[in-house]
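Number of protein chains: 2
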Amino acid sequence: MEKVAVIGIGCTKMGEHWEKSLRDLSTEAGALALKDAGLSGKDIDALFIGNMSAGRFTGQEHVGALAVDQAGLTPIPATRCEAACASGSLAFRKAYLSILSGHHKIVLVGGAEKMTDLKSTGSVATLMGAGDQEWESSIGLTFTGLYALMARAYMRKYGLTREELSLVPVKNHKHAINNPYAQFNFEITVEDVMKSPLIADPLRLLDCSPITDGAAAVILASEDVAKDFENAVWIAGSGQASDTLALHGREDVCRIRAAEKAAKMAYQQAGVGPDDIDIAEVHDCFSIAEIIAYEDLGFAERGKGKDLLVNKETTIGGKIPVNTDGGLKVGHPVGATGIKQIIEVVKQLRGEASNQVKDAKIGLTHNVGGSGATAIVHILKKELD
Amino acid sequence: MEKVAVIGIGCTKMGEHWEKSLRDLSTEAGALALKDAGLSGKDIDALFIGNMSAGRFTGQEHVGALAVDQAGLTPIPATRCEAACASGSLAFRKAYLSILSGHHKIVLVGGAEKMTDLKSTGSVATLMGAGDQEWESSIGLTFTGLYALMARAYMRKYGLTREELSLVPVKNHKHAINNPYAQFNFEITVEDVMKSPLIADPLRLLDCSPITDGAAAVILASEDVAKDFENAVWIAGSGQASDTLALHGREDVCRIRAAEKAAKMAYQQAGVGPDDIDIAEVHDCFSIAEIIAYEDLGFAERGKGKDLLVNKETTIGGKIPVNTDGGLKVGHPVGATGIKQIIEVVKQLRGEASNQVKDAKIGLTHNVGGSGATAIVHILKKELD
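From first to last, the protein sequence lines stand for chains A and B.
The first sequence runs 0 to 384 under numbering that gives the first Met the number 0.
The second sequence runs 0 to 384 under numbering that gives the first Met the number 0.
By construction, these hints were calculated from the structure, which means they are not laboratory data.
C-beta atoms are modelled at their ideal positions from N, C-alpha and C, and glycine is treated no differently.
Be aware that a few hints might be false.
As the list claims (entries may be wrong) - For the chain A half of the interface with chain B, some residues (derived, Cβ under 10 Å), not all of them: (1) 17; (2) 59; (3) 63; (4) 77; (5) 92; (6) 176; (7) 177; (8) 184; (9) 239; (10) 300.
Stated by the list, open to error - Derived pair list, reagent style DSS-like, types lysine-lysine, alpha-carbon separation capped at 30 Å: (11) 2(A) x 263(B); (12) 2(A) x 34(A); (13) 2(A) x 194(B); (14) 118(A) x 118(B); (15) 226(B) x 2(A); (16) 2(B) x 226(A); (17) 305(B) x 263(A); (18) 305(A) x 156(A); (19) 2(A) x 118(B); (20) 2(B) x 263(A); (21) 263(A) x 41(B); (22) 118(B) x 104(A); (23) 2(B) x 104(A); (24) 303(B) x 41(A); (25) 104(A) x 41(B).
Full structure from sequences and hints, please.
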């Protein structure tokens, strides 16, 4: 199988961009990625974009056409991919496959979401489009509610304490301080988390990823093109899997089986295991999600995820630093998040990260859609085998 | 490049399915496609689904996960593709590329839209998500309005009469009579069209494709699998291109440049030209669109598209029958339409169509998103070269 590499990266600041629209954000990220690669729009064969719900957030569907038009890249083909919060990784994976297919050589892959054009209650309802509309949204469940159910079940099953759960956002806020793109870059303490408003018991405000406007983009290239790029970071493995859309369909809500399977696929293709990963970006939409991710990815045994936090193994300087840019606490512009994760891993492997992990050679991204109905895992390597 | 074939097809009835939801429709079409191929769900490696706007029509995003879960096909990966009214063809093309990539062997590709859960005014506003939200929808333009502008410009430039324009729906209604899936199967006359209510001058009710619930699905397989299927129909060419999202960005609104380019790509890959096509399914969302399609696809010279209608060349029995199943007048469940087109071409090449074209060997589908910001063309062949 041919090799494909990331040869350019670009990211907007995460936040409330009242003065920018979806098209402005996606174009800004794309232009930054082109600049980073030293390419012009003329070099691009196709565009892919991950976006969850522009139709509901802004009234705009046909998001691929919007992005390609605004970027001045017509007539190249444009594809929008959607898998809720995993839309960015889905676009990345489809772009990767499109290069492997032989139809494209150089592809621009972005992710974008403009969430603040709706009131926050509208945003919360829109985000529940990622869950099961007939069985979950319709009875009033919110996403925080779904992850609260998972957190409660996990705490009961494995004896996780509320204080231990708080170590996730404390770590990620700490990691975000040096991140110039972060929506929030201030440190918090366990006490801050415990005192923050209760959203859905046991989850509190500081457990939750924010509502964010933002976009991120990368450029992928086939081996014959990428080999001339000194900064190229290679895709070593790609995995994607599905599970029931509604949480009630799962045997065990303390794990995300789609993530386990996607990780297995990616590890297998890359020829590596959990112990080989130097840095990982995982989908910490709510604090509990990061602990479950550790276990789904094989970084810790079932029920032992918290030990990595307590022992600071996933903090910068630890054995396997996780969410070195601050994770989703940096901002969670839904469709862009998967691409933002890829960008942080690429930066780490290039040696350009704001919280650089020494000698990082292999990185992993873990992006989850909804409460786990979709999961996509990618493994990137600095050196081509 | 490896060859890929369609080995199974399935389609729901087009219409107002008050008793069925998006998940029911997509599962019904998928099950029919599996049955047609003689396969079970266990044989499927991945699912792709085209859907334009389930978020706005029904509150449900994460449409890939919905479809794969409801079909009992978890944990295989599921991908939703969106390019407005071309979402079905987009999913088809991405599924095709995913097989060429070597990652999958047998893929289920569906398209589905549940449009009647909204009131019709809501549906019309939702459909304008395919246009430019900032520059078109926001000032009150509808899709009929956009195509009315194109029709008016075309009539002025090329002297097309209102009566000649009516020949499109007259032909397509005639073709739909034998189609068991048609939402409407009654014949109409030029006079009926002229007397039907004015929607956006010069377009009248009988010029418009309907609001439709429906789903369609096909199964794609790699060459080593498909060669054992007697009924296999091969993908010979695939083209996709983009143009400005808003109509005002185009130099000439009497043609769709994205369709011209997509057709050129598909012809080139297939090694055929317009004269080789035995049957075509084109995107007649409004009557004018079919005449423009003739010219974009090279079936007629610029301004001469109407001659094919006047001389009955695109009617069954003519030189190049177009929309032999009734086209979009059969029903236009937006995300499903591109797959429905593929199904009609496959039926024609198998020799199983309700309006069978004698000795049809090469067929074409032409699927347009919005007012032409996306166009996707596929060419299918009965025999593998």
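Structure-based check of each hint:
1. 17: violated (15 Å)
2. 59: Holds, because the Cβ-Cβ distance from residue 59(A) to chain B comes to roughly 4 Å (cut-off 10 Å).
3. 63: holds (6 Å)
4. 77: Cβ of residue 77(A) sits 5 Å from chain B, so the hint holds.
5. 92: Because about 8 Å separates residue 92(A) from the closest Cβ in chain B, which is inside the 10 Å limit, the hint holds.
6. 176: violated (33 Å)
7. 177: violated (34 Å)
8. 184: violated (30 Å)
9. 239: Hint holds; residue 239(A) Cβ to chain B Cβ min 4 Å, cut 10 Å.
10. 300: It is violated, given that the least Cβ distance between residue 300(A) and chain B is near 22 Å, above 10 Å.
11. 2(A) x 263(B): holds (29 Å)
12. 2(A) x 34(A): holds (23 Å)
13. 2(A) x 194(B): Not satisfied, since the Cα-Cα distance of roughly 61 Å exceeds 30 Å.
14. 118(A) x 118(B): holds (23 Å)
15. 226(B) x 2(A): Holds: residue 226(B) and residue 2(A) sit about 28 Å apart, inside 30 Å.
16. 2(B) x 226(A): holds (28 Å)
17. 305(B) x 263(A): Measuring from Cα to Cα gives roughly 57 Å; hence the hint is violated.
18. 305(A) x 156(A): holds (13 Å)
19. 2(A) x 118(B): violated (49 Å)
20. 2(B) x 263(A): holds (29 Å)
21. 263(A) x 41(B): holds (19 Å)
22. 118(B) x 104(A): violated (44 Å)
23. 2(B) x 104(A): Cα-Cα ~20 Å, so holds.
24. 303(B) x 41(A): violated (34 Å)
25. 104(A) x 41(B): Given that 30 Å is the threshold and the Cα spacing comes to 33 Å, the pair is violated.
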